[in-house]
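Visitor: These protein sequences, in sequence, are chains A and B. With the first letter of the first sequence counted as 1, position 334 gets the number 334 in UniProt numbering; the numbers rise by one all the way through. With the first letter of the second sequence counted as 1, position 378 gets the number 378 in UniProt numbering; the numbers rise by one all the way through.
I should point out that these hints are in silico values taken from the structure, not numbers from a laboratory. Don't take every hint at face value.
One copy or any two copies: either way a pair holds, since identical chains are not told apart in the list.
[Unchecked claim] Listed below are the simulated DSSO-like cross-link pairs for lysine-lysine, each with C-alpha atoms no more than 30 Å apart in a straight line:
(1) 308 x 218
(2) 448 x 308
(3) 218 x 88
(4) 218 x 369
(5) 448 x 369
(6) 369 x 164
(7) 88 x 308
(8) 108 x 448
(9) 369 x 88
(10) 308 x 369
(11) 218 x 108
(12) 108 x 369
(13) 108 x 164
(14) 164 x 448
(15) 164 x 88
(16) 448 x 88
(17) 108 x 88
(18) 448 x 218
2 protein chains.
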Amino acid sequence: MERFEGVVAGVRERVEPDSDERERLQQVARSLAERTEDAITNLPVEADVVQVGSTARGTWTSGDRDIDLFVRFPPELDRETLESYGLKIGHEVLPDGHEEFAEHPYVKGQFDGFDVDLVPCYRVESATNIQSAVDRTPFHTQYLEARLDDDLAREVLLFKQFLKGIGAYGSDLRTEGFSGYLSELLVLEYGSFRALLGAAADWHPPVRFDPEDHGTEKFSDPLVVIDPTDPERNVAAVLTPENFARVQHYARDLLDNPRESLFFPDSPNPLTPEAVDGRIADRGTAPVAIRFDAPDVVEDQLYPQLQKSLSGIADALSRRGFDVLRADLFADETAVLFFELSVSERPAIERHDGPPVHVRAHAAGFYEKYADDDSYGPFIENDRYVVERRREFTTATRFLESETVFDSALGVHVEQAMREGYEVLSGDEIGVLAAEFGRELARYFDPKP
Amino acid sequence: MERFEGVVAGVRERVEPDSDERERLQQVARSLAERTEDAITNLPVEADVVQVGSTARGTWTSGDRDIDLFVRFPPELDRETLESYGLKIGHEVLPDGHEEFAEHPYVKGQFDGFDVDLVPCYRVESATNIQSAVDRTPFHTQYLEARLDDDLAREVLLFKQFLKGIGAYGSDLRTEGFSGYLSELLVLEYGSFRALLGAAADWHPPVRFDPEDHGTEKFSDPLVVIDPTDPERNVAAVLTPENFARVQHYARDLLDNPRESLFFPDSPNPLTPEAVDGRIADRGTAPVAIRFDAPDVVEDQLYPQLQKSLSGIADALSRRGFDVLRADLFADETAVLFFELSVSERPAIERHDGPPVHVRAHAAGFYEKYADDDSYGPFIENDRYVVERRREFTTATRFLESETVFDSALGVHVEQAMREGYEVLSGDEIGVLAAEFGRELARYFDPKP
Numbered sequence: 001m002e003r004f005e006g007v008v009a010g011v012r013e014r015v016e017p018d019s020d021e022r023e024r025l026q027q028v029a030r031s032l033a034e035r036t037e038d039a040i041t042n043l044p045v046e047a048d049v050v051q052v053g054s055t056a057r058g059t060w061t062s063g064d065r066d067i068d069l070f071v072r073f074p075p076e077l078d079r080e081t082l083e084s085y086g087l088k089i090g091h092e093v094l095p096d097g098h099e100e101f102a103e104h105p106y107v108k109g110q111f112d113g114f115d116v117d118l119v120p121c122y123r124v125e126s127a128t129n130i131q132s133a134v135d136r137t138p139f140h141t142q143y144l145e146a147r148l149d150d151d152l153a154r155e156v157l158l159f160k161q162f163l164k165g166i167g168a169y170g171s172d173l174r175t176e177g178f179s180g181y182l183s184e185l186l187v188l189e190y191g192s193f194r195a196l197l198g199a200a201a202d203w204h205p206p207v208r209f210d211p212e213d214h215g216t217e218k219f220s221d222p223l224v225v226i227d228p229t230d231p232e233r234n235v236a237a238v239l240t241p242e243n244f245a246r247v248q249h250y251a252r253d254l255l256d257n258p259r260e261s262l263f264f265p266d267s268p269n270p271l272t273p274e275a276v277d278g279r280i281a282d283r284g285t286a287p288v289a290i291r292f293d294a295p296d297v298v299e300d301q302l303y304p305q306l307q308k309s310l311s312g313i314a315d316a317l318s319r320r321g322f323d324v325l326r327a328d329l330f331a332d333e334t335a336v337l338f339f340e341l342s343v344s345e346r347p348a349i350e351r352h353d354g355p356p357v358h359v360r361a362h363a364a365g366f367y368e369k370y371a372d373d374d375s376y377g378p379f380i381e382n383d384r385y386v387v388e389r390r391r392e393f394t395t396a397t398r399f400l401e402s403e404t405v406f407d408s409a410l411g412v413h414v415e416q417a418m419r420e421g422y423e424v425l426s427g428d429e430i431g432v433l434a435a436e437f438g439r440e441l442a443r444y445f446d447p448k449p
Numbered sequence: 001m002e003r004f005e006g007v008v009a010g011v012r013e014r015v016e017p018d019s020d021e022r023e024r025l026q027q028v029a030r031s032l033a034e035r036t037e038d039a040i041t042n043l044p045v046e047a048d049v050v051q052v053g054s055t056a057r058g059t060w061t062s063g064d065r066d067i068d069l070f071v072r073f074p075p076e077l078d079r080e081t082l083e084s085y086g087l088k089i090g091h092e093v094l095p096d097g098h099e100e101f102a103e104h105p106y107v108k109g110q111f112d113g114f115d116v117d118l119v120p121c122y123r124v125e126s127a128t129n130i131q132s133a134v135d136r137t138p139f140h141t142q143y144l145e146a147r148l149d150d151d152l153a154r155e156v157l158l159f160k161q162f163l164k165g166i167g168a169y170g171s172d173l174r175t176e177g178f179s180g181y182l183s184e185l186l187v188l189e190y191g192s193f194r195a196l197l198g199a200a201a202d203w204h205p206p207v208r209f210d211p212e213d214h215g216t217e218k219f220s221d222p223l224v225v226i227d228p229t230d231p232e233r234n235v236a237a238v239l240t241p242e243n244f245a246r247v248q249h250y251a252r253d254l255l256d257n258p259r260e261s262l263f264f265p266d267s268p269n270p271l272t273p274e275a276v277d278g279r280i281a282d283r284g285t286a287p288v289a290i291r292f293d294a295p296d297v298v299e300d301q302l303y304p305q306l307q308k309s310l311s312g313i314a315d316a317l318s319r320r321g322f323d324v325l326r327a328d329l330f331a332d333e334t335a336v337l338f339f340e341l342s343v344s345e346r347p348a349i350e351r352h353d354g355p356p357v358h359v360r361a362h363a364a365g366f367y368e369k370y371a372d373d374d375s376y377g378p379f380i381e382n383d384r385y386v387v388e389r390r391r392e393f394t395t396a397t398r399f400l401e402s403e404t405v406f407d408s409a410l411g412v413h414v415e416q417a418m419r420e421g422y423e424v425l426s427g428d429e430i431g432v433l434a435a436e437f438g439r440e441l442a443r444y445f446d447p448k449p
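Okay, chain A solo, but in the shape it has when bound (with noise of 0.2 Å):
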């Protein structure tokens, strides 16, 4: 315990921002929060500016230098004028920003050195009358400046670290993990970061918190924590199996063995060609690779998109004989889809059975069907007719060529991105990629929980 303590006070001196950071901080933040309350004077509305966030929470850490400001305006507002009302003042403040999507357009720029956001939303009664998902983002600043002192939001910082340090923390969807208010909620619950991980080693899902005891809705997740601002919301919705498990496993890991490293890993050094091609001859797979220019759209819809283009060209793969070992995608100026395959190459044929030679109609159109052509078969298995019949395509490379593969289920950018020309890699071509992606290789290779 003494041991952890230490490694926690080396934590502390690494991730807690002095008086003067925060002070800077502090003082950018009122400037910025008074040029918007001027750009609203100009405005025939009125509407007020809220800090958001963990810099607003002081639940941020040393190097953080995200502040968040929200522009609440009447919920009677339509939200067109809404959107157009947010980005004149957004570029009012940010003269250098530009404009991104999230649920509305908003402006992001740099002001004194931070990178601000500047939101529009609507200034509802409750967390339960949003009219827009972000209108619920002030209520969780109020909700936890009310209940988080100094003490515990330094807690706070320990485990985004830990989070951070085990790669689980972010609700983003590349990362489907947790979030900062979820972070905030399960210390808050649990009163200490220690606390916290002691209970996490233990966890049996689903593990579930209602810190406002008012949830209304049943959820499947591994992990529920009703919103305290709204009784129909799962905080923890994103969060996945994976990294729940994660949190599991590490947190034991550091009871057991108390250490800063896991706090803050290295990087794994990029793999070379050569490093990759030995890998691949150590574990004796067959990797193949599709390729294609990533699709210009936020990783917010990227990530999901080649999720779901690798399952389902997996599942395509699969189900045509090609075993998947693992699979991985990786994503930068391009994108891969990458399969390790255990059986990247079949016969010619492939055995197909047909109905049970006792439904008669059935049975005599399917022996038809086979009983001429190029087949070997009809014959009887059990009560079935069986044929071997040819395979459309004997290796996993011909079918990761063919039009076929598009018949896979494929994210809608993904798609057109293939669509706009792809390559496929396969053997000893697979080390190319090290080039654009030797870190995340490193890491394939290399698997930890």
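With the hints as your guide, set chain B onto chain A.
Guide: Relative to chain A, chain B alone:
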């Protein structure tokens, strides 16, 4: 229908014994019966002789040279005495005969150019009181003799020849088809070969007959014919779903396209080793075979044991990722278990799913077991640990050559024979099997219903 009748007339011509042949057989049977009665008089016991089987019932086809005589002893006689009396009579009647073993030992020998079985049994009151399976046989003959007139017997000949032609005649454990008794009961049921074919073409299993309406048991076989002499017995118990379906298929075929060749098919020409290689190349498969000296046991023991071993090893191959497209067994001097594989090689590693991470003690044990060995992982997928561990066998051949093959379910005599030595053939070594099993391989590579 006219064409059907023409075909039937042609078949009759070939299978019906003429009066000379019939007379000759009767003479020999009478003379054998007399010799047997004489032999009985030398014994201190009362016994009688009955002729059984198709030659007794006039349902034998031209060229059959089997005469079966049963000597019936009083049921009080102990089994040992019955056996010694039976053999004594047998050797007296058939001086050149030799002993064989079914339920009891009995004598088999030649007499005047006929193959004679001389079998001792008990003269019980009814077939339900039998002390030995062979005691039932005289009751079958008695039942059918009273019901099969000459016209029906001629129909039986057609059905039997049809079954021989399609390979479904015989209740031995190699064929697992229709016994003579079963064939005769079915003709009795439907009244003619033609009516039986028409019905069989439309059978929908389970098909159940109970000629004496006295059945007491439930059976799960596709065809259930309650023995008219024994309410607890299904005469078709040995019939496989394959042979049931086969009769359906060829009944439809013969009615659609009547032809004599179905009754008298040509044996296929044996394949040469080169032809075997050619078939394999066309199919693109990976054949492997185990060959050993055929165990010296009767066919009714040999074939079930080979079948069990074939399934046992096929399962073991499949479990290790060596997908079996089709398998078959051949036996003569040597016995061969033949597996045509779709996949004969696997990577150096295999995926192995561990427990869910939340099952703490079990999960921790799994993690520790694999964390520091040469496996990849453990990592997390869904809620479980997964590891990619080294495979024990990366080729089917190496598995078959290993001691581990004996962990498969094997027939006891097959296991003994294999322990004395076996060879594993694969790839282009398979062609050598054509020397002994060219015809079997021809059937294998041109499979028919």
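Visitor: Against each hint, give a clear statement of whether it holds in the structure.
Guide: These are the hints, each one checked on the structure:
Taking identical chains as interchangeable, the C-alpha atoms of residue 308 and residue 218 lie at most 30 Å apart only when both belong to the same chain, with a minimum of 26 Å there against 51 Å between chains. Taking the closest pair of Cα atoms, residue 448 and residue 308 come within 30 Å of each other only inside a single copy of the chain (23 Å); across copies the shortest separation is 43 Å, beyond that limit. In this assembly of identical chains, the alpha carbons of residue 218 and residue 88 never lie at most 30 Å apart, being 41 Å within a copy and 84 Å across copies at closest. For the homomeric pair residue 218 and residue 369, neither the shortest alpha-carbon distance inside one copy (51 Å) nor that between copies (38 Å) is at most 30 Å.
In this homomeric assembly, residue 448 and residue 369 come within 30 Å of each other (Cα to Cα) only across copies, at 15 Å, whereas the closest approach inside a single copy is 51 Å. In this homomeric assembly, residue 369 and residue 164 come within 30 Å of each other (Cα to Cα) only across copies, at 27 Å, whereas the closest approach inside a single copy is 59 Å. Proximity of residue 88 to residue 308 under the C-alpha cut-off of 30 Å is found in neither arrangement, the shortest distances being 37 Å within a copy and 81 Å between copies. For a Cα distance limit of 30 Å, the shortest separation of residue 108 from residue 448 qualifies neither inside one copy, at 35 Å, nor across copies, at 72 Å.
In this homomeric assembly, residue 369 and residue 88 never come within 30 Å of each other (Cα to Cα): the closest approach is 69 Å inside a single copy and 61 Å across copies. Proximity of residue 308 to residue 369 under the C-alpha cut-off of 30 Å is found in neither arrangement, the shortest distances being 36 Å within a copy and 33 Å between copies. Taking the closest pair of Cα atoms, residue 218 and residue 108 never come within 30 Å of each other, the shortest separation being 37 Å inside a single copy and 78 Å across copies. Taking the shortest alpha-carbon separations for residue 108 and residue 369, neither the intra-copy value of 64 Å nor the inter-copy value of 49 Å comes in at or below 30 Å.
For the homomeric pair residue 108 and residue 164, the shortest alpha-carbon distance inside one copy (24 Å) is at most 30 Å, but the shortest distance between copies (86 Å) is not. Taking the shortest alpha-carbon separations for residue 164 and residue 448, only the intra-copy value of 15 Å comes in at or below 30 Å, while the best inter-copy value is 64 Å. Proximity of residue 164 and residue 88 under a CA criterion of 30 Å is satisfied in neither setting, with 35 Å inside one chain copy and 92 Å between copies. Proximity of residue 448 to residue 88 under the C-alpha cut-off of 30 Å is found in neither arrangement, the shortest distances being 47 Å within a copy and 79 Å between copies.
Taking the closest pair of Cα atoms, residue 108 and residue 88 come within 30 Å of each other only inside a single copy of the chain (12 Å); across copies the shortest separation is 109 Å, beyond that limit. Taking identical chains as interchangeable, the C-alpha atoms of residue 448 and residue 218 are never at most 30 Å apart, the minima being 33 Å within one chain and 57 Å between chains.
Comparing the model with each earlier hint shows violations of hints 3, 4, 7, 8, 9, 10, 11, 12, 15, 16, 18; every other hint is respected.
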